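Protein chains in written order, with my numbering: chain A, 1 to 61; chain B, 1 to 61; chain C, 1 to 61; chain D, 1 to 61; chain E, 1 to 61; chain F, 1 to 61.
Identical copies go unnamed one by one, so any copy, or any two together, can satisfy a pair.
Taking lysine to any residue pairs in the SDA-like style, the calculated list, with each CA pair at most 25 Å apart, reads:
(1) K47 / L57
(2) K23 / A46
(3) K23 / P36
(4) K47 / L32
(5) K47 / P36
(6) K47 / E30
(7) K18 / E30
(8) K47 / G33
(9) K23 / E60
(10) K18 / S59
Calculated directly from the structure, the hints in this document are not laboratory data. Keep in mind that this is a model prediction, so the values were computed, not measured.
Protein chains: 6
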Amino acid sequence: MPEVLVHMVEGRTPEQKKMLLQKTTQAVVESLGVRPEQVTVQIVEAKADSKAKGGILFSER
Amino acid sequence: MPEVLVHMVEGRTPEQKKMLLQKTTQAVVESLGVRPEQVTVQIVEAKADSKAKGGILFSER
Amino acid sequence: MPEVLVHMVEGRTPEQKKMLLQKTTQAVVESLGVRPEQVTVQIVEAKADSKAKGGILFSER
Amino acid sequence: MPEVLVHMVEGRTPEQKKMLLQKTTQAVVESLGVRPEQVTVQIVEAKADSKAKGGILFSER
Amino acid sequence: MPEVLVHMVEGRTPEQKKMLLQKTTQAVVESLGVRPEQVTVQIVEAKADSKAKGGILFSER
Amino acid sequence: MPEVLVHMVEGRTPEQKKMLLQKTTQAVVESLGVRPEQVTVQIVEAKADSKAKGGILFSER
Numbered sequence: 001m002p003e004v005l006v007h008m009v010e011g012r013t014p015e016q017k018k019m020l021l022q023k024t025t026q027a028v029v030e031s032l033g034v035r036p037e038q039v040t041v042q043i044v045e046a047k048a049d050s051k052a053k054g055g056i057l058f059s060e061r
Numbered sequence: 001m002p003e004v005l006v007h008m009v010e011g012r013t014p015e016q017k018k019m020l021l022q023k024t025t026q027a028v029v030e031s032l033g034v035r036p037e038q039v040t041v042q043i044v045e046a047k048a049d050s051k052a053k054g055g056i057l058f059s060e061r
Numbered sequence: 001m002p003e004v005l006v007h008m009v010e011g012r013t014p015e016q017k018k019m020l021l022q023k024t025t026q027a028v029v030e031s032l033g034v035r036p037e038q039v040t041v042q043i044v045e046a047k048a049d050s051k052a053k054g055g056i057l058f059s060e061r
Numbered sequence: 001m002p003e004v005l006v007h008m009v010e011g012r013t014p015e016q017k018k019m020l021l022q023k024t025t026q027a028v029v030e031s032l033g034v035r036p037e038q039v040t041v042q043i044v045e046a047k048a049d050s051k052a053k054g055g056i057l058f059s060e061r
Numbered sequence: 001m002p003e004v005l006v007h008m009v010e011g012r013t014p015e016q017k018k019m020l021l022q023k024t025t026q027a028v029v030e031s032l033g034v035r036p037e038q039v040t041v042q043i044v045e046a047k048a049d050s051k052a053k054g055g056i057l058f059s060e061r
Numbered sequence: 001m002p003e004v005l006v007h008m009v010e011g012r013t014p015e016q017k018k019m020l021l022q023k024t025t026q027a028v029v030e031s032l033g034v035r036p037e038q039v040t041v042q043i044v045e046a047k048a049d050s051k052a053k054g055g056i057l058f059s060e061r
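Generate the whole structure from the sequences, applying the supplied hints.
Here it is in structure tokens:
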């Protein structure tokens, strides 16, 4: 605990995702004083035609 | 804000998903009086063998 | 199915939330051709000090 | 209702996922006294490079 | 891992919730062959006016 | 985008939650190269009797 979910569109590089997972874990550890092993972070990716902001699909931006 | 997640099984057409994203955004805008750009909607799709209703998999229906 | 989650800050009126639940259900029904009884929508509310956009808490806006 | 989401890394067999969906449904039914048809369970899978515990990716374990 | 979220309306007894948390954990352990300590289960409760099925609020059923 | 959800038990101080929201936002910005205004983070809190790890409720630890 805690469990973090990051919802975003596909297309990031493996390096970006690794950095995201590591930095988010670190943010939780520093803020709450928990041990790193207690923190899980999962990226929930959507295809670009399955996510919209302002009603505009990411596949049409 | 708000952020909407729609959890469903794979298999809808791109047209259905586009309509879902647009109509859901519109529903939020009309109900809460926010601007469209503030609303994100993400479809979280599962394979048919990864979702069940009443204990029966969608792949076995 | 589908199951919809709407994540937002507390403070909307009961009327706004009712309209949000009804219109979102309708959006799903019209887009996917499912029956209304198949659709659940849950609002996940956060206190204003438990949500941020751009790193700025909603309690400080 | 209720709607259950299980967040985990890819790689389980179809048999494991089927058992997971069925046993989780049963757990909800027995605990809350609802009918099975009221319970949906969806597995939200991440690629091994999209999930970390303790800041260590599942693809690097 | 895995992390389980159960979305439901408020109003269950502490005994029901305890049973739900324990039985769901057990379901995951038996299905996936993980150790209990790897499994977290969180109940995400909504007020009865913040959840609907078929467009009908649980507060109006 | 992205939208981050942090699932945890109640009981953190307002200062801890503020730091969590800010540092998590910063982690996303640095990793993905997005602008802060694109990032929302919501803490989804559970009562101690509504979350378990290893089948043991946080209210009984």
